[in-house]
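K.L.:
These are the residues of each chain, in order.
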Amino acid sequence: MYQAISKLYPICRSITGNGFRETLKIIQELIPLEIHEVPTGTEVFDWTVPKEWNIKDAYIKNSQGERVVDFQKSNLHVVNYSVPVRKKMPFQELKEHLFTLPDTPEWIPYRTSYYKETWGFCLSHKQFLELKDEEYEVCIDSSLEPGSLTYGEYYIKGESPDEVLISCHACHPSLCDDNLSGIALSAYLAKHLSSISLRYSYRFLFIPGTIGSITWLCLNEAQAQKIKHGLVLTCVGDPGKVTYKRSRQGDAQIDRASLHVLKHSGQEHEIIDFFPYGYDERQYCSPGFNLAVGCFMRSQHGEFPEYHTSADNLDFVQPQYLADSFSKCLSIFHVLEGNGTYLNQNPKCEPRLGKRGLYKGIGGQKEGALNEMAILWVLNLADGNHTLLDIADRSGLAFDEIKRAADALLEHDLLKECLKSAAVS
Amino acid sequence: MYQAISKLYPICRSITGNGFRETLKIIQELIPLEIHEVPTGTEVFDWTVPKEWNIKDAYIKNSQGERVVDFQKSNLHVVNYSVPVRKKMPFQELKEHLFTLPDTPEWIPYRTSYYKETWGFCLSHKQFLELKDEEYEVCIDSSLEPGSLTYGEYYIKGESPDEVLISCHACHPSLCDDNLSGIALSAYLAKHLSSISLRYSYRFLFIPGTIGSITWLCLNEAQAQKIKHGLVLTCVGDPGKVTYKRSRQGDAQIDRASLHVLKHSGQEHEIIDFFPYGYDERQYCSPGFNLAVGCFMRSQHGEFPEYHTSADNLDFVQPQYLADSFSKCLSIFHVLEGNGTYLNQNPKCEPRLGKRGLYKGIGGQKEGALNEMAILWVLNLADGNHTLLDIADRSGLAFDEIKRAADALLEHDLLKECLKSAAVS
Amino acid sequence: MYQAISKLYPICRSITGNGFRETLKIIQELIPLEIHEVPTGTEVFDWTVPKEWNIKDAYIKNSQGERVVDFQKSNLHVVNYSVPVRKKMPFQELKEHLFTLPDTPEWIPYRTSYYKETWGFCLSHKQFLELKDEEYEVCIDSSLEPGSLTYGEYYIKGESPDEVLISCHACHPSLCDDNLSGIALSAYLAKHLSSISLRYSYRFLFIPGTIGSITWLCLNEAQAQKIKHGLVLTCVGDPGKVTYKRSRQGDAQIDRASLHVLKHSGQEHEIIDFFPYGYDERQYCSPGFNLAVGCFMRSQHGEFPEYHTSADNLDFVQPQYLADSFSKCLSIFHVLEGNGTYLNQNPKCEPRLGKRGLYKGIGGQKEGALNEMAILWVLNLADGNHTLLDIADRSGLAFDEIKRAADALLEHDLLKECLKSAAVS
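Chains as they are written, first to last, in the numbering used here: chain B, 228 to 652; chain G, 228 to 652; chain X, 228 to 652.
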């Protein structure tokens, strides 16, 4: 995943344009992504697909003709979606178009202006302070013209048409945690899931933030109803503790599965309630859809100093954190996959476990028998009203122990699975 | 309000009689109160309107003919509703009719005997210790005769016949916090509300405690069903923190509005559960009515030392506390008035706020946009199942911010109000 | 109760056999217990009634012919349900059949092997260390043959056919807290309840653990539906604080009554959630029955060092703890018995309590009137939707105070009891 991030890092992405296309092509080396193009001007709910933005070069030259701000050194230097400009102007006029971060004077901020046609440059505050009050030549060699919005989609067919959605925004330029980490994690999760047999179908979306999810939801309104669980992945490669933001529903199965996995990880983590800000969960959880989509992240976007600055770079993201995020997401999917509802076939009193080899022979010993407790919990609560996750949560045992117990009991015909449709609580 | 209290302070009130009438006349200088007289002997549910009590003078004279206890100095000296008496008796006999507070020897207690025909005097324990063992002349020049029970009522017609009830007891003699403060606050709230346009109708009752609310409820049983929210006001002028006692329903809209206002006041306050003791909420919340009536107070009656003593005087109540109670009650009514339920007219994904001037143009800035969050919360939860108060509570934002956001969205046709009837959750 | 325990202590009990029969005969001296015999081989749900086990003698003799381990000294020395054995063997072979507790070297462990035909001896670790590496003569003079499973049952007919179940296991040999204490407490509760008039019927079971409750439930499946409340009694004579384990239902009336009694005892106690391990509540709370049966104990089985060792002896159990358990169980039954649902006959406003002598005459006094509060709470919540226990819990008052208030109101025709059937919430 870290290599993929390194490869994607230099590309200047935006919500439309060739940077986005180039990014999807690199992901196609990992998974057979389907690429969609939606023409500029397409009406998507209350929005319109914007003009396509592309950029070749940009700089500010001082009176000596030296590039004092240079797009070739960092694509963050240009306010994303800046209209083309080429003119000379005094420093006082130029200043209105410059953005810096005085508190972290070494860092370049990341700024966008998608829906208002303007232009600007971002630079470190240190660079800014070195600028003299002289005339500058400003050039942004960009184009903002009719074209299309591009997004990538990958569908893995499972046993059921019910879907798990994994969505990440792929519209940020040279920013690693937000959201090259989410892109890489999605791609590797997709690669892994495509190699195993699955109960649910999985849909992966690599989209520009906001306008991408609005476009997809508008063009796939019926399909969206099949999404039973989902995660937005963002900021998943930094050293912060894992943070899970609940879906608008608040206690959906994806919320409970995520909480369970984080609780049993034994690691520090944070659970936050849904709020209508953030990334594409805003759209998936709008009241007209209200999908069970949460957001999985490490440091919460907007809450760490490196967020949306040049410091969100290849040092900030590390392989071990990506690996940890990968493993936790897989555990969450594992819970969703295995979370059946069962009926105890011998509901009156306990069945005799000893004769089936499910119980040790000598009674009266003090040491707790952990797996036996899982077996007893499953038998006790397998009344058709409790999923395995319900049983795990009530017993305090890990889902895996409960699942293994259920599998053993199923093998001995002591359990029967309820209809799959009923299993989705 | 403090001036009104000062004017009302000297009057000797009781649950019936001229003191009560005089009190209502003074309130009529502020609001056009309607005055009702209910004849002695009227059956009201399990009770009977009592005889009317009036008093001209009362004293205890010592053997030198000096008034050692004198009604003219404080009307608390006479046990309220004492039958007339005029005789000489030795100290040993008189003692049986004297009440003092040994723990606060400077204070005169307040005692009543409404439903048992007897007589008595209250005096400071210091006065009591100075009494010699000699013969005393006792005089209570009172009358207890058929007459009527008097109460005041003021109705402000709003857009809807649904009512908000504000009730205060006006039967206590020279006691300021309990309940001249409640009388003055009610009158000034009424005066203010009568000058603005209102969604709800408001009914103000100035009644004798217990028998007054029982009488009103009995004579207005059908009308009582229109009361959707209500507050009993008592002890609202002392320096204590604001205390709200929930209605019997416990989580009615008046309870939630009061909690919201107190929580967002940033000031210390206390919320207590309903219990079937206290003032007229006991009757409004009896199981046969079960009205959504809470009790708004500062120090809780019975819980502060000055309660029902001569120390509940013009020093104990202060204008700034009255003003604070006034402002908090208005805020509560403001929540009730504005607490509509709305439907997002663009429920699928977020509407484009930028083009409507509801969103700033440059994305990617770190500083939280507070009013925008209110807008996003309203859009997200305006699904017909959440009132604005629900949205305020879930978002953690103040009701006013949410209300302003809703008004702005309404103006842009992004919201539509649900039928008013549905708005009362 | 302590005397009964002393008398029962020496007997070698097991899940079947003469020790169990002898135990029931001693209990018959207290209550007219009905004794049932269920033949070996009877199919009971997934189980089969086992062969009957009896034992006359057992020992290990060293090469000098001395009994180094002797059943006559403690019946714990033999693994319960050991098959007969009589042979000589070297120490190395014998060792495989010896059980000790190295951490508490003076204590003999208690071991069983009900469902696997084997044999063994238990001894203190100190004894074990003294054994030399020589040849030993091993003798277990037991029999394991077709016979029957014995249990005792005592039914007290109350006003209603609805039952309260009290169940204790009586299969442990010389162990006092687990469960001679439970046996003695059950017997004395039965003796007491049989002497008073009761709303519910009470069924007492003295059964072997696990197989006993399975057998009873299988042979009395229809009758089991009449059990509305129940307690398993175990470990009720030790100095530990009282522990109540909730039924599987979790908030059944027996759970709420037990919590109420423990909370108002003013003593330290512990409430634990149901888990599918422990004693016969496992069977009563299996999903096919799901009876409202909790478990009342002091120290929790398995959680104290003396559990299932020779240290659970006549010193560990003390009369004052038995008496305290007795009194708390009676209080719980008292709540169940008295927990009616009532209708206030004067639901609109408060009735006039003073004229009925239920209220003191002089108002305005500060001191809280505790019984009056109980009266007011009952009147306020007697709307047919609250049991007296609901009212006690909501008011924070003790059930007895609420019950006394309800009785007084009933006497004055201010309350009417709802149909008994509705009273069981």
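FYI, nobody ran anything at the bench for these hints, they're computed from the structure.
Quick reminder that beta carbons are idealized off the backbone N, C-alpha and C, glycines included.
You may find that some hints are simply not true.
Which bits of chain X does chain G cover? Going by a derived footprint, with three or more residues having C-beta under 8 Å, they are [unchecked claim]:
#	region
1	384–391
2	561–575
3	608–619
Every beta carbon over 12 Å from chain X, so not counted as near; a handful from chain G, in silico [claimed, not checked]:
#	residue
4	Tyr229
5	Phe272
6	Thr275
7	Asp297
8	Lys343
9	Ser440
10	Ile441
11	Pro503
12	Tyr504
13	Arg509
14	Gln510
15	Pro514
16	Ala625
17	Arg631
K.L.:
Against this structure, judge whether each hint is valid.
P.N.:
A quick look at each hint next to the structure:
1. Residues of the region 384–391 of chain X with a Cβ under 8 Å from some Cβ of chain G number 0, which does not satisfy the need for three, so the listed coverage is violated.
2. Counting residues of the region 561–575 of chain X whose CB falls under 8 Å from any CB of chain G gives 4; the rule of at least 3 is met.
3. Judged by the Cβ-Cβ criterion of 8 Å, the region 608–619 of chain X is covered by chain G as claimed, because 3 of its residues qualify and three suffice.
4. Residue placement check: Tyr229(G) keeps its beta carbon more than 12 Å from all beta carbons of chain X (closest about 25 Å).
5. Phe272(G), annotated as away from the interface, has a beta carbon of chain X within 12 Å; the closest lies near 5 Å.
6. The Cβ of Thr275(G) sits about 8 Å from the closest Cβ of chain X, inside the 12 Å cut-off, so the non-interface label is violated.
7. Even its closest Cβ contact with chain X, about 21 Å, leaves Asp297(G) beyond 12 Å, as expected for a residue assigned away from the interface.
8. Its closest Cβ contact with chain X, about 4 Å, brings Lys343(G) to no more than 12 Å, contrary to its assignment away from the interface.
9. The Cβ of Ser440(G) sits about 7 Å from the closest Cβ of chain X, inside the 12 Å cut-off, so the non-interface label is violated.
10. Against chain X, the non-interface label of Ile441(G) is violated: not every CB pair exceeds 12 Å, the least being about 4 Å.
11. Pro503(G), annotated as away from the interface, has a beta carbon of chain X within 12 Å; the closest lies near 4 Å.
12. With a least CB separation of 6 Å from chain X, Tyr504(G) falls inside the 12 Å interface cut-off, contrary to its annotation.
13. Distance to chain X contradicts Arg509(G) as a non-interface residue, since its nearest Cβ pair spans about 6 Å, not more than 12 Å.
14. Under the 12 Å C-beta cut-off, the non-interface status given to Gln510(G) relative to chain X is violated; the minimum distance is some 5 Å.
15. At roughly 4 Å from the closest C-beta of chain X, the C-beta of Pro514(G) falls inside 12 Å, breaking its exclusion from the interface.
16. Its beta-carbon lying about 32 Å from the closest one in chain X, Ala625(G) satisfies the requirement of being farther than 12 Å from that chain.
17. Every CB of chain X is more than 12 Å from the CB of Arg631(G) (nearest about 39 Å), matching its label as outside the interface.
Going through the hint list in order, the structure does not satisfy hints 1, 5, 6, 8, 9, 10, 11, 12, 13, 14 and 15.
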